[in-house]
Amino acid sequence: MKLKASAFALTTAIMCGIVFFLAALWIMINIKSGFGTGETIIKLQRFFLGFDPNHIVGVIVGLFWAFVYSYVISYIFAVLYNALAGAQEAPSIQESKAEEKKE
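So in the numbering used here, spot 102 of the sequence shown is number 95, and the numbers just go up one at a time.
It should be emphasised that the hints constitute simulated quantities derived from the structure, not laboratory data.
Each hint should be verified, as a subset may be incorrect.
Stated by the list, open to error - Here are the simulated distance ranges between beta carbons:
1. Ile24 / Met(-6): 36 to 46 angstroms
2. Leu77 / Ser(-1): 17 to 27 angstroms
3. Lys94 / Val61: 42 to 52 angstroms
Every value quoted in this text rests on a predicted model; they were computed, and no experiment measured them.
Glycine included, every Cβ here is placed at the ideal spot set by N, Cα and C.
Build out the structure end to end from the sequences listed, making use of the hints.
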């Protein structure tokens, strides 16, 4: 089965972006309620340039980077998958019906 690399990458990037945004909002709520920031936020700030859980603009910048990183990684994954799997196309419905008529 062949993956459409751009569609796969876009879907993955949207899902990762949503998960990152919700996690960042959770961190933002915990900071405002008095819980500590911890090592996780420091690591995220190193990985996602401009990410700041104290401001919504920083969260949106982190969302952008999460989208970009996940798009690129999943696009490369889909291309490699297609190359290694032989990129065999699944038979279409019309081809299947034509084969059934022959039998």
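request  = Could you tell me which of the hints above the structure violates, numbers in ascending order?
outcome  = As far as the earlier hints go, not one is violated by this structure.
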